[in-house]
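**Student:** Sequence:
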Amino acid sequence: MLLVRLLIGYHRAIDGDKSDFNSNHNTIDDYHKAINGYHTNFNANHGDFDGKHSRLNALQNNFDGVA
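Counting along the sequence shown from 1, when you hit position 28 you're at 28 in the working numbering, and nothing is skipped either side.
Hints are computed from structural coordinates only; laboratory data are not their basis.
Backbone N, C-alpha and C fix where the C-beta goes; we use that ideal spot for every residue, glycine too.
Hints are all accurate, no fakes.
Cβ-Cβ distance ranges computed for the label pairs, FRET-style:
{"id": "1", "residue 1": "51", "residue 2": "14", "range": "50 to 58 Å"}
{"id": "2", "residue 1": "30", "residue 2": "60", "range": "43 to 51 Å"}
{"id": "3", "residue 1": "25", "residue 2": "65", "range": "54 to 62 Å"}
Taking the hints into account, I'd like the entire structure generated from these sequences.
**Tutor:** In structure tokens form, the structure reads like this:
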């Protein structure tokens, strides 16, 4: 009977560890999604900066042509 209780106790402990692991894994997934969101925003801002830089170069070329 004692052996059965020990086995049940170990089984519950393993289930608890598995639950903690799954919870931590979900937290890591959430952080990963957030990082991907920041990365997407960074890329969008970088593309916007490139577009503004191109327009600035075009204006500079216009001034160079006038001067």
